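One line per chain: the protein sequences are A and B, in this order. Using our numbering, read the first sequence as starting at 22 and increasing by one per residue. Using our numbering, read the second sequence as starting at 1134 and increasing by one per residue.
Simulated from the structure, these hints should not be mistaken for lab results. It should be emphasised that the depicted structure is a prediction, and the values quoted were computed from it without experimental measurement. One should not assume that every hint holds.
What the hints assert, rightly or not - In the DSBU-like style, the derived pairs of lysine-lysine whose C-alpha atoms are separated by at most 35 Å in a straight line are:
1. A:K45 / B:K1500
2. A:K114 / B:K1328
3. A:K176 / A:K78
4. A:K201 / A:K148
5. A:K272 / B:K1328
6. B:K1500 / A:K236
As the list claims (entries may be wrong) - With beta-carbon atoms standing in for the labels, derived distance ranges:
7. B:M1269 / A:T263: 22 to 32 Å
8. A:I80 / B:T1273: 54 to 64 Å
9. B:E1376 / A:Q248: 49 to 59 Å
10. A:V42 / B:L1419: 54 to 64 Å
To be verified - Stretch by stretch, here's where chain A covers chain B in the computed footprint (C-beta under 8 Å, at least three residues):
11. 1157-1171
12. 1199-1211
13. 1257-1266
14. 1318-1331
Note that CB positions come from ideal geometry on N, CA and C, so glycine has one too.
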Amino acid sequence: MAKYGMLIDETRCTGCRGCQVACKQWNDLPGEETHNTGSYTNPPHLSAQTWNLIEYKEIDRGGQVGFFFLKRACMHCEHPACVSVCPVGALRKTPEGPVVYDDHKCIGCRYCMAACPFGIPKFDWQKGLLEGALIRKCTFCADRLSNGLIPACAKTCPSKAITFGERDQLIVEAENRIRKNPDKYVNHVYGKEEAGGTSILYLSAVPFEQLGLPKLGPAPVTTLSEQVMEYTLPFAGVWLATLAGLAAVFKFRERGAKQPEIGPAADDPHNKEASK
Amino acid sequence: MIKTATLARYRVPPGVLMLGALVVIGVLVALVRYLFGIGAISNLNDAYPWGLWISFDLLCGVATAAGAFITASAVYIFRMERFRPILRPAILTGFLGYLMVIVALLVDLGRPERIWHLIIYWNPHSVLFEVGWCVMLYTTVLALEFSPMLFERLGWKMPLEFLHRITIVLVLLGTLLSTLHQSSLGSMFMAMPTKVNPLWFSQFLPLYFFLTAAAVGPAMVIVESYISSRVFWRGLEVDLLGELSKAIPILLGIYLLLKVFDITLAGEWGFAFQGGMSILFWVEILLGVVAPIVLFSMPSVRSDGKRMLVAALLVVFFGVVLNRFNVSLIGWPRPANLSMYLPNWMEFAITIGIWSAGIVAYGLVAKFLPLFAADHVVTPAKAVVTPEILQRSRFLVFPEAAWLQGLAAIAEQVNFDDNQLIFRQGEPARSLYVLLEGSVKLYSKDKEGKEVHTGTINAGEPFGISALIEPYILTASARTAAPCRALKIDGKALRDLTKENPALGQALAQRTAQAALTRMHWARAWRESM
Chain A
22 MAKYGMLIDE TRCTGCRGCQ VACKQWNDLP GEETHNTGSY TNPPHLSAQT WNLIEYKEID
82 RGGQVGFFFL KRACMHCEHP ACVSVCPVGA LRKTPEGPVV YDDHKCIGCR YCMAACPFGI
142 PKFDWQKGLL EGALIRKCTF CADRLSNGLI PACAKTCPSK AITFGERDQL IVEAENRIRK
202 NPDKYVNHVY GKEEAGGTSI LYLSAVPFEQ LGLPKLGPAP VTTLSEQVME YTLPFAGVWL
262 ATLAGLAAVF KFRERGAKQP EIGPAADDPH NKEASK
Chain B
1134 MIKTATLARY RVPPGVLMLG ALVVIGVLVA LVRYLFGIGA ISNLNDAYPW GLWISFDLLC
1194 GVATAAGAFI TASAVYIFRM ERFRPILRPA ILTGFLGYLM VIVALLVDLG RPERIWHLII
1254 YWNPHSVLFE VGWCVMLYTT VLALEFSPML FERLGWKMPL EFLHRITIVL VLLGTLLSTL
1314 HQSSLGSMFM AMPTKVNPLW FSQFLPLYFF LTAAAVGPAM VIVESYISSR VFWRGLEVDL
1374 LGELSKAIPI LLGIYLLLKV FDITLAGEWG FAFQGGMSIL FWVEILLGVV APIVLFSMPS
1434 VRSDGKRMLV AALLVVFFGV VLNRFNVSLI GWPRPANLSM YLPNWMEFAI TIGIWSAGIV
1494 AYGLVAKFLP LFAADHVVTP AKAVVTPEIL QRSRFLVFPE AAWLQGLAAI AEQVNFDDNQ
1554 LIFRQGEPAR SLYVLLEGSV KLYSKDKEGK EVHTGTINAG EPFGISALIE PYILTASART
1614 AAPCRALKID GKALRDLTKE NPALGQALAQ RTAQAALTRM HWARAWRESM
């Protein structure tokens, strides 16, 4: 099965927020009442009601301030931290690419939120037991994909900043664009290798860190924790055997000094002393 | 009206009333949370999904419950029988600690009603999966380790016998689960290399969490023993605690060496000298690790209750609590355009409510269940014995009320497990005992130094009578043959009392001589029948 991705060419983004609206529309997400925070970014950050957000960045480039945009949503990692850490397996990476979430399994521990290096999963902070709080995030429109449609944001983008396709081909396409216009782009496809690779790939004219994307190595962030989990069972076996062995040795040492017939119980340190 | 009357009759201490009020506040706040969501009572937000409850209630709660497995493994695996007197309080602290963690999680979890999903949905890659299972299993083990106190009180022999038989299995499992659980709380943060501050992030995190928990276990036993010795007017087991605390410098020493090695290897010392986190780093290392290593290495500290308390508190607050906060909360990068997290007062109300409930529960158990093996008391204990209790034994029935009051003032009630050593031949006879329930066997060494059964004490009879006879050295060892309850009368106080009241002294001397005579004949008969 084809593994899908999206190439987001931030140099083509006009900041129209069409994708933001399309996302809300398709996923039936309510609007958020917001305040002026001094930034065009609105709502100010992703939330359980806003899964896709255009962030507006004013970046100083050699004395000239420019407007740059970052379409922030779930990266749909190849090796997702959220999937790795979820204790009940409520999050799952599908073979087609989307990282999807099972409403019915989640216990609300929020380990996914803590672990995600991109800070994507969000929580229903204002829902009580009756409403049932859940983790919310972009689904890569998995429901549309399975019906032969492309994600709502990609579908709606008027400036073709969002290209939907097979991830491998998108990487080739991204590298082509850099090759053709080396002055226009930073020479890096963000997401090709970050944290083990992501389904969402970015091209940008300014360094990705200035856009607000974290600097990440090529290894999935959960490499160490998964290693530890692999060693846990063997360690538990060895440790239990060691403890049992120690218990036996210490018991035997006392037994060795045991008085036959009458006298204090065998497991008595006092007895040991008495026989010296 | 009825309520006030009842309260007045039972005279609930004001401290307990206050704790009760704090529990009620916590419950009310929890109710708000269940109705309107976590956001209604906390400052947790999408940038800070974990806050006070995870950093304190979960991480610190579990670490400070480590005294249970440390003490249990010392007594049952390493056969350090001398630590038995502090075993039950340590297990109770651990058990209550884990229950408190679970209650906190039931507030913190987004879907507390689904906590059981951990049992049916598995993700073996997740450290939290392991944590969840460890909490469930170890709480069960702790409940079983705690239950003998309950069964003894109820007098249920069958479950007691069964539990007695599987004790070693429980302790082995408990130690295994604790090792896994303590370390896995550290492993949890290995999934966040970009968030945990580099001074704390390490591939040794599981080991660090385990070592500090193992060190804070004994420290918590010291703190909790000290407090309960004050609250319940019992003595403090200074010698035992001093010995137990010897483990602390070793554990923290290994931890410190590893940490130095680790930071050097990663070339991260630069972080230790820049920014606010570096200050917290040094506070943690110097006050929470180095200072306790030095203090607990000094015999003058290990032989003094108050000094041990101070050193133990350093381990608890700077070595562990500050450490857990640094790893899980304070050291995390502050996200752009999102507010800083400081716990809301209602978050504190939940935590304080849970701790108050824990303290009340501890008090109830101490009051109603055989928690303290009161034999091992170095400082004299305050009397909690009435003349009526004294007269349960024929040995102590006197017509004079003043005598009884005098005796009651220096007597206390003590409980012993089955097969527990009460005293040893050759030790100074510090106390006179009168058995109220159960049965005690006496053993003496014969000419070849062999232990011989020289008598059995039944309910109502005195033992440890060497406390009344010069040179006040025990001529036999005593071991319980069943769970026992006894009166313990301080020997020196008793001798002082008989000096003031020669008539009482004479009466006691006569009864003691009778008891000694009977025992002598018994021993001879036993010998000859062999």
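Q: Hints the structure violates: just list their numbers, smallest first.
A: Hint check: 1, 4, 5, 6, 9 fail, others pass.
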